[in-house]
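*Asks:* Given chain A, work out where chain B should sit, using these hints.
There are 2 protein chains.
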Amino acid sequence: MAIKFAERTNNMEGSAIRELLKLTQKPEVISFAGGMPAPELFPVDAMIDVSKKVLEENGRVAMQYTTTEGYAPLREHLAKRMNDNLQTNVVADDLLITNGSQQCLDFIGKAFLDKDDIVLCESPSYLGAINAFNAYQPKFIDVPTDENGMIMEELEKILEENDRVKFIYVIPDFQNPSGRTWPLERRKKFMEIINKYEIPVAEDNPYGELRYEGEYLPSLKSMDTKGLVMFLGTLSKVLSPGYRIGWVAAAPEILAKFNVIKQAADLQASTISQMEMAKFFDDYDVDAHIAKLREVYGHRRTVMLDAMKKYFPEGVTYTYPNGGLFTWVILPEGIDATVLQKEKALPNNVAFVPGEPFFPNGGHVNTFRMNYSNMPDDKIEEGIRLLGLSIKEAIDEL
Amino acid sequence: MAIKFAERTNNMEGSAIRELLKLTQKPEVISFAGGMPAPELFPVDAMIDVSKKVLEENGRVAMQYTTTEGYAPLREHLAKRMNDNLQTNVVADDLLITNGSQQCLDFIGKAFLDKDDIVLCESPSYLGAINAFNAYQPKFIDVPTDENGMIMEELEKILEENDRVKFIYVIPDFQNPSGRTWPLERRKKFMEIINKYEIPVAEDNPYGELRYEGEYLPSLKSMDTKGLVMFLGTLSKVLSPGYRIGWVAAAPEILAKFNVIKQAADLQASTISQMEMAKFFDDYDVDAHIAKLREVYGHRRTVMLDAMKKYFPEGVTYTYPNGGLFTWVILPEGIDATVLQKEKALPNNVAFVPGEPFFPNGGHVNTFRMNYSNMPDDKIEEGIRLLGLSIKEAIDEL
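Top line first, the protein sequences correspond to chains A and B. Residue numbers for the first sequence follow this note's numbering, beginning at -19 and rising by one. Residue numbers for the second sequence follow this note's numbering, beginning at -19 and rising by one.
Excised from the complex, chain A in its bound form (with noise of 0.2 Å):
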């Protein structure tokens, strides 16, 4: 057969988490690498009267087909929520829903990016991003971080010597992979820099109400003046990946660019999954939900960390996060966590993500991440005693 795919089929590869969660659903694996919320925390009972009402109530209107943007409800649930929590001031016409704030992600790729246009993004950054971007060639130039998050100096002066730059795709909360929280002085500064340069800028958010401590934190969005920041918002963290609900706010020229976007992709998102949701809204108490998970996903992230320095052996370091679902491990130099996984870890019946796949131009070998929102904390204590064996006789070996 002579079946000959388009160019940008070269550069795409199935994510490495996706593949390696199939390895890792043995019963007997203690697994930190998904980014799955805990199955026992998710309101199955609201879900069962919530999914009776809206059949019983409006039927016909959920199993049929709705407005590319979405069902209006949501959007003014979802907006109200936005300027309540983030500090934004959006109404429901700036939201297109969207499958999760994975679609968003190959939408943005789509509006915005030619063959070899520059993203930019953290290093690391998230790499179901980089996946998505990929499918329009772009090239990544990865700011590099500290402990705050992406360098304000080093972005500057990327933005100076590159004119393709089409946009910056960030985490500023509890980013993945890292943990990191950029302070508020730095999201001053980041907005100086991209109004001068007038560069888009994807804010991805899926973590921002999981804060375990400290103060909440302006959204990028919320101090956006001239339309460039596009937010992106997922239900998937905070109530249930299953539905595949998340959003996107932007201005309304890039807006309409996702419409059409997400007309020809698919339509519209589930008629009946945004009901359901709009209706959990207007019934349960999200907020109570929101801080069960806090304080399970809190605690198992106190857990973890008690036990990495416990176990952990000197040379390794990790990211102290105050919200999210993960941290993030340096390994001395030499170590390489994919061979550290395949050998040691998972023989160990251990898993992680190694942090390669999340650096868009590759390196960084010596990383991985580490998720605690899916193990109990026996799990959590066993999984970081066995991963830190596995370390100690890698350091041996070197």
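Rather than coming from a laboratory, the hints here were simulated on the basis of the structure. Careful: at least some of the hints might be erroneous.
No distinction is drawn between identical chains; accordingly, a pair holds when it is met within one copy or between any pair of copies.
Cross-link-like lysine-lysine pairs, in silico, DSBU-like; alpha carbons within 30 Å at most [what the hints assert, rightly or not]: (1) Lys324 / Lys(-16); (2) Lys119 / Lys6; (3) Lys169 / Lys237; (4) Lys(-16) / Lys137; (5) Lys(-16) / Lys119; (6) Lys119 / Lys237; (7) Lys(-16) / Lys169.
*Replies:* This is chain B only, laid out in the frame that chain A set:
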């Protein structure tokens, strides 16, 4: 603001249908414009039962992430149904679940099309497909058709003369928009030609189960010996569009690309929607449900065609569909259906979709598409009467 979008966005237009649907949502409008199933036939009670069962029995799985390829029990049901009804020989692992079949149209464009590659399609063709492919900047050649679908001599001529044809997009059963079906002999000839040229084919089959008279014909996929046919199916027309569940069945080499594309596009289809659909297949008689649709839609088809015979003036022709949701009207030369709609039909509170957007290279302004699935008998009769008056006026003004 100096936002610079990608070149491809110049090609992007909102679907004429989706924009039109907004105009036609006033209750007084008799709309033949959409392609919507009849909401009074949705199995709402069954879905209340099914969604309760899925959440009660398996809520934590239903609300969690699942695999990109989709929920295995649903893929098994769909594969079996294809084999039973379409004479194919596929297994669950040949299928990937998508958000309606629209999403796979986007994936096909993404997987195959470099800028200026050629897509072949029927003339006219489904405008949602044209829009989806357009994002990847191809050229289209629409192959001439007659009352039996694509004309094979014309197809072969085009393939001889063009070496950048990447795939052929066809709807052999009850085509959207024309309502035409390819007879068996033409299907065989088509497969001979595509086997000779080794050209991939997207066989879009949203309406295949909605046959109102005559024998079911084998799908192109069932005749595919070289793994060239990508079969696109959907539950939108036979169960519910609101759940956004479609699928593609394709050769492993192609399916692997779609899997990677799906990961980057939105990770996966809704877990809970997939489980609910699988449970519906488990617990309910899908065949009996579809038999009911056939009865109602087949009757409406007859009501519409009888009314057209009665009320449409001489010189207007239309197709006789054996199934599906649409008939295609050709007006006398010199009448522009867009003008007819705006100046005569909408003021009479009747709506349809003008035909030009169904031709990727434009023209054919004297055509339009009519849907008969979504209106009761009396409204069909009255709508066609009013439309007949509108057309008469337009002819008189010629």
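*Asks:* Which holds for Lys169 with Lys237 at a C-alpha limit of 30 Å: within a copy, between copies, both or neither?
*Replies:* within (28 Å within a copy, 41 Å between copies)
*Asks:* Pop the pair Lys119 and Lys237 into one bin, within, between, both or neither, using alpha-carbon distances up to 30 Å.
*Replies:* both (22 Å within a copy, 21 Å between copies)
*Asks:* Is it within, between, both, or neither for Lys(-16) and Lys137, if the alpha carbons may be no more than 30 Å apart?
*Replies:* Between. Shortest inter-copy distance 21 Å satisfies the 30 Å Cα cut-off; intra-copy 41 Å does not.
*Asks:* With identical chains treated as interchangeable, where does the CA-CA distance between Lys(-16) and Lys119 reach 30 Å or less: within a copy, between copies, both, or neither?
*Replies:* Classified as both: same-chain Cα gap 24 Å, cross-chain 16 Å, threshold 30 Å.
*Asks:* First find the shortest C-alpha distance between Lys324 and Lys(-16) inside one copy, then the shortest across copies, and answer within, between, both or neither for a cut-off of 30 Å.
*Replies:* neither (40 Å within a copy, 48 Å between copies)
*Asks:* What label fits Lys(-16) with Lys169 when the C-alpha limit is 30 Å: within, between, both, or neither?
*Replies:* Intra 47 Å, inter 23 Å, cutoff 30 Å: inter-copy only.
*Asks:* Could you place Lys119 and Lys6 in one of the four classes (within, between, both, neither) given a Cα distance threshold of 30 Å?
*Replies:* neither (37 Å within a copy, 48 Å between copies)
Checked against the numbered hints above, the structure violates hints 1 and 2; every other hint is satisfied.
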